[in-house]
Amino acid sequence: MTALADTESIQQLDPLGTLDGRPVSVVAGVGLLTFGSVMTWATASAVAQPLFANLALVFIALSSLSLIVGTSPLRAPFSGGLHAAVIGFLVIAFALSSASLGSSAEVLTDFWGPLLIGVACMALAPYRPIAELVTMGVVASIFTGFIALVQSSVSDVHAPAMIVILYSVTPVLTMSLGGAAFVRSLIRTHERWVSRAQRATMRQLRRQHEGVARSVQQDRVTILNRDIVPLFAELAQRGIISPEDRARAAEYSESIRELMVAEVNRSWLESVVASSFGSLDDGNRVYDPHRLAGAMTPHQRTALRAAVLAVATGGEIDRQSVRLSIEKTKVGAAITVTGVITSSESSWRSSLAPYLAVLRVVFTGLRISYRSPSLTVRFTYDTP
Amino acid sequence: MSIGLPAHLRKESVSRAFARAINTVAFICFSLAFVGVVTLYAGDPSRYLLPAAIALIPLFVTITLVNRYRTVFFTVAHLVIGGPAVYWFSLTVISQLQPVGVVGHYLLNLVGIALMLVGGASRTVGWSILWCTVGLGVSQGAVALASLQWQGYVHPHPAPVVVYVAVVAVLVILRLSQRGVRRVQSHLHRAARDDEFASLRYGIEATSAAVMHDTVLGHLAAIANAPFGAMNPKLQRDIKRDLEVLVGEEWLSEATLDSTDSVRHDWQNSALLAAITEVRALELVVEVTGDLTALSRLDARGDAALGPAVKQCLVNVIKHSGVMQAEVAIFGSDHEVSVLVVDAGKGFNEAETGADRLGLRQSVRRRIEIVSGTVHVWSTPELGTSVMIRVPVGEDAPALTASAIQ
Chain A
426 MTALADTESI QQLDPLGTLD GRPVSVVAGV GLLTFGSVMT WATASAVAQP LFANLALVFI
486 ALSSLSLIVG TSPLRAPFSG GLHAAVIGFL VIAFALSSAS LGSSAEVLTD FWGPLLIGVA
546 CMALAPYRPI AELVTMGVVA SIFTGFIALV QSSVSDVHAP AMIVILYSVT PVLTMSLGGA
606 AFVRSLIRTH ERWVSRAQRA TMRQLRRQHE GVARSVQQDR VTILNRDIVP LFAELAQRGI
666 ISPEDRARAA EYSESIRELM VAEVNRSWLE SVVASSFGSL DDGNRVYDPH RLAGAMTPHQ
726 RTALRAAVLA VATGGEIDRQ SVRLSIEKTK VGAAITVTGV ITSSESSWRS SLAPYLAVLR
786 VVFTGLRISY RSPSLTVRFT YDTP
Chain B
2 MSIGLPAHLR KESVSRAFAR AINTVAFICF SLAFVGVVTL YAGDPSRYLL PAAIALIPLF
62 VTITLVNRYR TVFFTVAHLV IGGPAVYWFS LTVISQLQPV GVVGHYLLNL VGIALMLVGG
122 ASRTVGWSIL WCTVGLGVSQ GAVALASLQW QGYVHPHPAP VVVYVAVVAV LVILRLSQRG
182 VRRVQSHLHR AARDDEFASL RYGIEATSAA VMHDTVLGHL AAIANAPFGA MNPKLQRDIK
242 RDLEVLVGEE WLSEATLDST DSVRHDWQNS ALLAAITEVR ALELVVEVTG DLTALSRLDA
302 RGDAALGPAV KQCLVNVIKH SGVMQAEVAI FGSDHEVSVL VVDAGKGFNE AETGADRLGL
362 RQSVRRRIEI VSGTVHVWST PELGTSVMIR VPVGEDAPAL TASAIQ
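Going down the list, the protein sequences come from chains A and B. Taken in order, the first sequence gives residues 426 to 809; the numbers are from our numbering. Taken in order, the second sequence gives residues 2 to 407; the numbers are from our numbering.
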């Protein structure tokens with residue numbers, strides 16, 4: 426298994442693909458509660474402790490809610506703690522459901538308990554790294570097997586203990602490890618594609634290099650030809666420096682220096698905003714006094730570049746109102762994007778959700794604050 | 002590099018991943034069935050269940066092959082071998098566990114479901130469903146045949162069909178949900194390409210600006226501060242040389258495209274030593290210490306960046322330190338070459354230097370950052386200045402522009 430697979434989830438590597446697959450998570454979340462409720466009702470006659478059965482349903486509802494809300498693109502990335510909570514609630518629900526049957530259980534009357542745990546394990550596979558998925562699956566299997574064993578010991582079950590354990594861990598083990606295999610395959614595909622795409626990009630950039638170099642050089646030579654080259658040519662030929670030459674040299678030096686300082690100080694983000702907003706850009710949309718835009722990683726630049734272009738070309742936000750500010754924090758930098766919404770809340774949320782999902786994954790601590798009509802999005806990143 | 006898989010690869014990659022997932026589930030089901038029958042046999046040897054365990058062995062082999070090769074041949078082979086194996090397994094379990102009961106049905110369902118979960122040579126959802134359907138037919142046919150032969154009747158169990166319906170439902174949902182964000186994905190790819198191109202242009206512009214700083218601005222400053230009258234012959238020569246290069250040649254292409262990633266081996270001809278020779282001509286006393294052979298590990302781009310950057314540091318010593326002595330210490334490791342430029346001059350506070358001072362920013366920092374190197378400056382007023390420049394070597398050296406950031 427690769428190091429990437431140990432630390433990265435599919436949600437981090439392919440946030441849009443995970444967003445695409447979210448309906449499966451929602452269906453699974455709704456299915457957990459529906460199936461749990463139906464099965465509790467169906468086995469109601471065997472229930473000796475209704476309180477425990479109802480409490481089990483409460484924990485299933487909590488788990489279902491955590492799964493649906495936690496996998497929302499507006500709350501990415503899905504945390505390890507939430508993963509443990511979703512599975513933990515279901516394990517508790519299974520224990521309560523087993524306890525509710527008392528000694529009246531046959532061979533796993535509440536077989537649906539492990540099934541729910543297995544479904545949740547599989548539904549959460551795209552959101553966590555493989556090592557964690559496998560660990561969670563094995564740990565949940567151990568708990569499930571233990572609960573089933575305890576239940577079989579207090580009720581009249583005609584089956585060997587080992588079969589009872591196998592019976593109960595089957596859905597948990599198969600679906601959690603199946604989910605991990607699903608993720609492993611996607612990560613390997615992703616790694617192979619990244620490797621191929623990097624080689625192709627290198628070839629493309631090498632092809633483009635000559636043309637860009639020529640273009641940049643032409644720009645420089647045009648500037649030089651206007652004033653500097655004539656001065657240098659005269660001096661090289663004449664070999665005498667006059668007071669006018671000194672004054673001209675000082676003047677040209679100052680103007681070139683100013684030009685270069687302006688170039689050095691112009692960040693990639695200012696260039697992107699200027700080209701995205703075109704004539705609407707007033708040069709003051711980006712406030713970055715500490716020049717922190719340069720500290721973003723290539724993925725962060727890509728995500729922000731795509732989001733800026735989407736805002737500049739979409740109709741959800743008043744383009745005149747968009748402002749980006751980057752401030753220094755204790756551990757890095759915080760970006761605040763503000764704008765005035767011109768469309769309905771459902772419209773801008775659905776249009777911007779994919780971009781926000783990507784920003785959430787590549788940046789940290791993304792917070793959205795909407796007070797009609799003002800939208801503020803704030804996120805942070807580390808700086809060297 | 003873009004974020005995520007491109008849309009055209011997603012369909013196939015999800016199908017492949019799903020096939021791997023259900024093959025894994027099948028393998029675990031076979032394993033649990035194996036453990037189950039062996040446990041039952043160990044608990045009661047009068048139930049002769051070993052043939053059932055043996056029947057599972059070819060299934061372990063074929064499901065592993067299907068998972069690894071995903072061809073029609075291995076998929077069909079798995080089903081063709083799997084049918085008789087499941088029949089043998091079922092016949093043994095039904096004959097030895099009378100009445101079959103919950104335990105027997107559990108074992109029969111495990112194996113039946115596992116044979117149904119054949120994620121074979123399927124590039125589309127349609128093929129995945131077809132293989133699962135064939136698998137369901139073969140497995141349930143085998144179990145029914147064994148049941149009919151031993152018991153005289155067939156008692157169908159709903160579990161395999163329920164699992165089959167669930168698998169088909171998940172496949173369909175996955176397929177239907179792969180359409181929503183294609184447009185956004187293409188925007189992301191475009192943004193990634195734009196970023197790569199911008200980084201390329203940035204790198205070239207930075208190199209250009211550094212060259213302009215070292216040549217044009219240097220000469221203009223020299224002219225502006227020169228005494229009236231005859232020009233210093235060296236300045237005249239330098240201006241002539243640079244004029245010919247700047248206007249007449251493709252200096253920018255050479256400057257950066259001298260960027261074959263090949264590693265140098267002739268440290269004696271490195272740009273760093275050439276820069277030191279040039280600065281010594283300006284009467285600065287430069288003491289070079291450390292491991293000079295480390296310079297041979299730099300690739301052409303690293304060498305081309307390090308030489309002018311160190312030269313600018315030494316020129317700064319001449320211009321600003323008030324002393325005419327400096328030390329250049331060179332260190333090498335497996336991952337980088339480090340050069341420390343030290344003077345005992347009057348020092349400065351970097352934060353207080355004017356915003357228009359370009360030497361350190363433009364000619365040293367940007368130049369080194371383009372090749373993924375780092376620059377650290379320690380300076381104390383009246384005590385001197387040390388500049389540490391680190392440039393990665395070999396496999397740690399950056400791609401053409403991948404790390405160029407603004």
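Derived by calculation from the structure, the hints in this document are not laboratory data. Because the structure is a prediction, the values reported are computed rather than measured. Check the hints yourself; a few may be wrong.
Stated by the list, open to error - A partial selection of chain A residues facing chain B, derived with a Cβ cut-off under 10 Å:
(1) V452
(2) E679
(3) G740
(4) D743
The beta-carbon is built from N, C-alpha and C at its ideal position, and this holds for glycine as well.
Discussion item. Check the structure against each numbered hint from earlier and tell me which ones fail, lowest number first.
Written reply: Going through the list in order, the structure violates hints 3, 4 and respects the others.
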